[in-house]
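Each of the two chains sits in its own frame; use the hints to bring them together as a complex.
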Amino acid sequence: MSKSRTLRPGSSSGALWYFAAAITLAVAMMSCGGKGQPSETAAPANPAAKPVDAATAGTVTGSIKLDGTAPKPRNINMAAEPNCATQHSTPAQTEDVVPGDGGTLQNVVVYLKGDFSQYSFPPMSTPVTIDQKGCQYHPHVLALETGEPLSVVNSDQTTHNIHPVPKDNREWNESQPPGASPIMQSFARPEVSIPVKCNVHPWMKAYIAVFNNPYFQVTGKDGAFTIKNVPPGTYTVTAWHEVYGSSEQMVTIGPSESKSVTITFKAISAASD
Amino acid sequence: MTTPPPNRPYQNVHRFAVFTAACTFLLLIAGALVTSNDAGLSVPDWPLSYGSLTPPMVGGIFYEHGHRMIASFVGLLSIALAVWLWRVESRRPASERPPVKGSLRWLGVAALGAIVAQGLLGGLTVLFFLPPSVSSAHATLAQLFFATVASIALLTSAWWEREPVSWFRDPRSPSIHALALAAVAAVFLQLILGAAFRHKAFGIIPHLAGAVVVTGLIFWLAGALRRRFPAVPELRFAARALHILIGLQLLLGAAAWWSRLYAASFPQPIAVTVALTVAHVVLGALVLVSTVLVTLVCYRLVRPAGAIVGSPAPRPSTAD
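Residue numbers (the working numbering), protein chains in the order written: chain A, 1 to 273; chain B, 1001 to 1320.
Excised from the complex, chain B in its bound form (with noise of 0.2 Å):
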C-alpha cells in the first residue's frame, strides 16, 4: 500500500515515543490501582510523599506513591519526547516533511503541557481530599495525554512516513472521517462519564447511557470500514480490532460492576473487584487510542468523495 522513505528520521524519535506511550499505558494501570484500592489520600502530602521521596511502601502508600513514580518517569520521558521532536523538526526543511510532521513538536510540546497540568490535577486532588470534578478531570486528562503520545508514536513511524500507493475514495455518507470522528467524541465523553462515576460525580446511569451509544457508533465505524475498504489490510485490521476492543469492554465493565455489587458490604476492596476495575479503565483507554489512531489512518488513506487531490490520484473504494 505504500513505498518506503529514503531515509528515517524519525525512526528513533518514534521508538521513543513508543517507549513512552507503553510506559503510559502502565501509568494508566497504577493510576487506576490507587483508585480501586480507595488509596488515593493514603499519601496526604504532595508533591513530596510524606516529606520525603521514599516513604513506607506499606498498604495505600504502595499503590499512590508508586503511581507518583512512575508519573514522575513518564514526565522526565515526556519531556525529552518534547525535547527530541522539536529538534528533529527543526532541522529539516518544511519540505520534505511527511504529511502533519510540521505540526509534530506542537503535538510534542502539547503532551508536556498535559502531563504537567496532570501532576498538578493530581496535587490538587490529593490536597483537597478528591473533589469530584477534579479526580474526574485528573483521569480523563491521563486518557488524552495517552491517545497524544500513541498518536505521536504513528506519525513518526515508518508506516505514516511512507507515501501511500493510492488514495481510497470515500463516497458514502456519512463519511468515514465523520464517522471516525464521532466515535473519538463519544469514547471520549464516555470516559469522562465513567471518571465521574468512579469518583462520585454522578451515578452509573449516564455511563451506561454512553455505553449504548458508543457500542453503536463504534460497531458503524468498524461496520463502513469493513464494508467500504475490504481490500485495505490496515482499515480491515482496524474494524477487528475495534470489534474486539469493544466486546471485551463490554463484557469488563459488566463483570467490574457484578463485583462491585458483590463486594459492596466487604470491609475493604477485594482482589478480583480490583482486577476488573483496573482492566475496564485501561481498556477504555486502549478504545480511545484505537479510534483516534483509527481516525489519523483514515485520514492518511482516504479522500472523500469530490476532494481535489495530487499524486497519488484517487481511487475509488473496492466496495460500495
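So here's chain A without its partners, still in its complex pose (with noise of 0.2 Å):
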C-alpha cells in the first residue's frame, strides 16, 4: 500500500500520455487497413506460350444432371430488411440447389482440368458483373478467369457489404451504400470456389469460381454447357456444386472434335429438407 501512496499525479501523467499516444498510434495504423484496398494482379502468364490453333481446337458440350428429387428450397424472412422484402411477391428462397429443365441441375460450374501452360488466352478486360437485387446476389454463382475485372452493383435501397471469403486469394470485405458506384475487383489465383457473403444479410450467399484458362462454363436453366476452342488432348470434365461438391469425367478431344459429357449428381438431402 504504501507503494502505490507514493505515486503522484504528476509522476504517473507521463506514462498515461504515452499510453494515451500509443493506443492513438495503434488505431490510427489499424484504421488505414482492412478497406479499399486494390486488387492483386494475376501471375504473367508463359512467355513462350501462343494461342490456341482454331482451325484444330475442339469442344466439349454435356449437361448436368440431377438423380432424383432437389431438397425443397428454403423461405428467407426478410423481414428485417423491408426494402427488400418488398421487391419480391413471393417469399424469396434459398438457391443452394436450383433444379434445371429435364432433370438438370443450375448453377453447376463446369471446367477442365488439364495442362495449358503452353497456350496464351487473350486477358479478358470486359467486366464480369455480379448485382446485388432484393437482398439476393444474381447470378448466384459465377465464374471469371484470374484478372478479369469484377463488377459488384448494388442495385437495393438498402447497404450492403460484399464479402468473399477466399483460401487462395486475398480476402475482402468492402461496404456498399445504395446508388454508389461499382466496386471493381479481380482475383489474382484460381480457385473453385469462393464464397461470397454480406453480414449485414445473412441469407445473401454467393460462389465464384475463379480460373487460369477460358475453359469453364457456368450451367444456366437447361442445365448444358459448352467449352469451346480446347487444344486437343486428354482433360477432366469436373462439375462442382455448392452442395453436392465434385464430379469428373475424363474426356479425350481429338483435332477439330467436338465431344459430349453428361455428370450426374446424387440429389441426397444435404442441403435442406
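Note that these hints are calculated values from the structure, not bench results.
Computed from a predicted structure; not experimentally measured.
One or more hints might be untrue.
Quick partial rundown of chain A residues pointing at chain B, CB under 7 Å, derived from the structure [said to hold, decoys possible]: (1) 74; (2) 80; (3) 155; (4) 157; (5) 158; (6) 163; (7) 174; (8) 175; (9) 200; (10) 202.
C-beta atoms are modelled at their ideal positions from N, C-alpha and C, and glycine is treated no differently.
Spelled out as C-alpha cells, the structure:
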C-alpha cells in the first residue's frame, strides 16, 4: 500500500500520455487497413506460350443431371429488410439447389482440368457483373478468369457489404451503400469456389469460381454447357456444385472434335429438407 | 456477521461500479448478438462505421454498430471508474483502508487497460476478417473485464468494508481457497474453449470436456461451501447460486447445441438459436463472475487452518 501511495498524479501523467499516444497510433495504423484495398495482380503468363490453334480446336459439350428429387428450397425471412422484402411478391427462397429443365441442375461450375501452360489466352477486359438485387446475388454462381474485372453492383435501396471468403486469394470486405458506383475487383489465383456473403444480410450467399484459362462455364436453366476452342488433348471435365461437391469425367478431344459429356449428381438431402 | 463501518467513503464509487458492471453485462449480450447473428463483419471499417458515427442501422449493422456504441459507453464508464477509484484512495491514508483497498486503484486501472485492449482487439478482428485467435481473445477479455468490474463492485461494497465479527477456520484439505481458485481457473479456461469453438478455432469436443471438468469442480466447491460453512449465510447463498448457475448453464449449452444442429441448413440464424446461444454465453460470464466473487468472499471470511490471524479471533467452522 505504501508503494502505491508514493505515486503522485504528476509522475503518472507522463506514463498516461505515452499510453494514450500508443493507443492513438495503434488506432490510426489499424484504421488504414482492411478497406478499399486494390486488387492483386494475376501471375504473368508463360512467355513461350502461344494461342490455341482455332483450326484444330475442339468442343466439349454436355449437361449436368440431378438424379432424384431436389430438396425443397427454404423461404428467406427478409422482415429485417423491408426494402428487399417488398421486391418479392412471394417469399424469396434459397438457391443452393436449383433444378433445371428436364432433370438437369443449374448453378454448376463446369471446367476442364489439364495442362494449358503452353497456351496463351487473351486477357478478359469486359467486367463480369454480380448484382445485389432484392437482397440476393444475381447470379448466384459465377465464374471468371484470374485478373478479369469483377463489377459488384448494388441495385437495392439498402446498404450491403460484399465479403468474399477465399482460401487462396486475398480476402476483402467492402461496403456499398445504395446508389454507390460499382466496386471493381479481381482475383489473382485460380480457386473453385470462393464463398461470397453479405454480413448485413446473412442469408445472402454466392460463389465465385476463378480459373487461369477460359475453359469453364456455369450451367443455366437448361443445365447444359459448351466449352469451345479446346486444344486437342485429354482433360478432366469437372463439375462443381455448392452442395453436392465435385464430380469428374475424363474426355479426350481430337483435332476439331466435339465430345459430349453428361455428369450426374445424386440428390442427397444435404441441403435442406 | 459483520459490523457497520463509521462512514462509507466508497459508497458512491460502489454504486457507480455496480452500474458499470450492469452496463458491461448488457455489452456482453450485445457482443454475443453480433456473433450469433453472423454480423461481425457487417461493418467493414473501424473505428468508424461506414465512415460515420451514425451508419444506417439495418440488418447486421444494427448489431455491430449497437455493440460498438454500448462498448464506447462502457469505455467512458471505465475511465470514470478508474479516475474515481484513484481519487477516493488517494484521499485516504493506508491505515484507514479496508483490506485490499490499497490495490483497488490499480484494479480500476487494470479494468481501464482491459477495455482499451478490448476495443483494439475488436478493431483487429474487424480489419483482419475475424481471425479465430483474435476473435476468441476479444470474447475472453470481455469476460475478464466483466469479472474485474464486478470484483471492484464487491470490494467497494458496504459488506466488504465491515470488519467481520469472526473468521471461520477451514481445516479441510483441499482448502476452500484452493477449491475456489481452481473453479475460477477452470471456468476461465472453459470460456476460452467456448469462445474458440464459437469462433471456429476448435471443434466442440474440448468445450464439452471442459464442461465436465467445470461442472465437477463447481459441484465440489458448492458442496464444500454447504458442508463446511452451513452457518455462514453468505457462503450458503454462494453454494446455492453456484448450483443453480451451473445447472442452468448445462441446460442452455445443450439446448443451444441442439438448436444449432436443427438450424444448420437454414439460410439465416433463427431467433431460437440466437436466444439460446446468447443466453449460454452471458450465463457463462455470470458463472465466471460468481466464482470470482465467491473466491473473494471466501478469502474475506475464511482462514485456512493454522493461519495466524489477529483480531477478530479465528473460530472453527461449524461443521466438519
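Consistency of the hints with the structure:
no.	hint	result
1	74	holds, 6 Å
2	80	holds, 6 Å
3	155	violated, 16 Å
4	157	violated, 10 Å
5	158	holds, 6 Å
6	163	holds, 6 Å
7	174	holds, 6 Å
8	175	holds, 5 Å
9	200	holds, 4 Å
10	202	holds, 4 Å
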